[in-house]
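J.: Keeping their order, the protein sequence lines are chains A and B. Residue numbers for the first sequence follow this note's numbering, beginning at 222 and rising by one. Residue numbers for the second sequence follow this note's numbering, beginning at 222 and rising by one.
Among the hints, erroneous ones may be present.
One copy or two, it doesn't matter: identical chains are merged, so the pair holds either way.
To be verified - Below 30 Å or equal to it, Euclidean Cα-Cα: the simulated DSSO-like pairs (lysine-lysine) are: (1) Lys429 to Lys313; (2) Lys334 to Lys313; (3) Lys434 to Lys467; (4) Lys465 to Lys429; (5) Lys465 to Lys434; (6) Lys313 to Lys434; (7) Lys434 to Lys334.
Think of the hints as simulated: they come from the structure by calculation, not from any bench.
2 protein chains.
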Amino acid sequence: MATGTPQPAFVLVRPQMGENIGSAARAMWNFGLDRMRLVAPRDGWPNPSAVAMSSGAGRLLDEAQLSEDIAGAVADCTWVLATTARPRDMTKTVYTPEAAMAETARRIAAGEKVAVLFGPERAGLENEDIAQANAIVSVPVNPAFASLNLAQCVLLCAYEWQRATGEADPVVEALAGTEIAAQHEVDHLARHYEERMEEAGFFFPATKAPAMKLNLRNMWSRMPLTRADVQMLHGMMRQIVRWKDKGAD
Amino acid sequence: MATGTPQPAFVLVRPQMGENIGSAARAMWNFGLDRMRLVAPRDGWPNPSAVAMSSGAGRLLDEAQLSEDIAGAVADCTWVLATTARPRDMTKTVYTPEAAMAETARRIAAGEKVAVLFGPERAGLENEDIAQANAIVSVPVNPAFASLNLAQCVLLCAYEWQRATGEADPVVEALAGTEIAAQHEVDHLARHYEERMEEAGFFFPATKAPAMKLNLRNMWSRMPLTRADVQMLHGMMRQIVRWKDKGAD
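With the rest of the complex left out, here is chain A:
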């Protein structure tokens, strides 16, 4: 995720609140993107509120390329994407963020320069803005409720860029098991064992006790316990206690 690697430019078109510009910078840098471009920020540039909100990603603002219009901001790009909440201009291909960033990664690997346009907080991109893009990106949100803010839209696109190019390992572990124990059953089992092992003097020395109990809790919650497992484990402990009592005779 080092800077300097080929990546798309994220272009904030007529952004209004400086705070949102700062939040967008942080959203980008979370996923290793640091090429921000700004088109006619409402409150001028540089913007102190943007800097205040960008903590840790301030460099993106320092290096942000400022333009008066979209044409100037994307002059060097061969593929321009426009983000919209609901695609109005159906004469352009509409991509999900996932498909858009996969295609962006493919084009950038082939030497192209790609820009993604993000509209002003309140109204989003105008049709005139979208007319300057080659394709559309639209997040498939709940038709009954679409309220992504600027930084969130930037975040989802940056996240998909990372997914399209990163090597994140989705360490999936297949957990099978019918009749899986419910959490309260596992809690009960954990308490049962903790109490008995306490009596047995297992948690020694006292200084190590909290860590030992934590490890035990972790062991239980880590195991894909079935109801049968839980019953068997209860039974084992009860039998050990009976055995101990017998031995005490």
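Position chain B against the provided structure of chain A, taking the given hints into account.
T.: Frame of chain A, contents of chain B only:
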């Protein structure tokens, strides 16, 4: 994305700012999730600032299940995920949001109940909280910069839930449904332009004319022209000729 459909519960553990609870509710509802659970909110419950920020997703707050501890919040769940910025507890399987929500969808389809824990804004989940989860979800962020806020972490997980269960078309090709020009219409257009440009003396020198005409033909055939495009292009050329004739007066 209707409510009532089986879905994971998103559990905010000891959330601090009411505004963030409201933002989390909106992030969830953007992707059709409406089962919020709260564990010991710092400022009590209900929280006016949460309501103020939740505009449009207030129902999630009204219906949020309030618990004193995590055990109470996830008592009915068979699989509990804990979100962490950087996995400290490596004794549990770590999933990307994508893999976690795919597994969540699989388990829910199989009748299981799943909960996802989100920690307090400042510190995130404690080890004692993670000890009560079966697995970990971690967003693969820039190692040099991890600054996802609560609502953003909720947003990415809700987004992945939507991706795992939604039917969003990754790419909606442009011109879908619109009338694509038939080949003979494109040929007619090509001839029209070729004849006029011939009159205009465009194909010069004669030795280059065949190649120039071929390039022009190739351009037309390469373009995804609609019937409307073809009519407009015919009209443009006719008007240019009228304009030329007028100028000749």
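J.: Of the numbered hints stated previously, which ones are contradicted by the structure, given in increasing order?
T.: none
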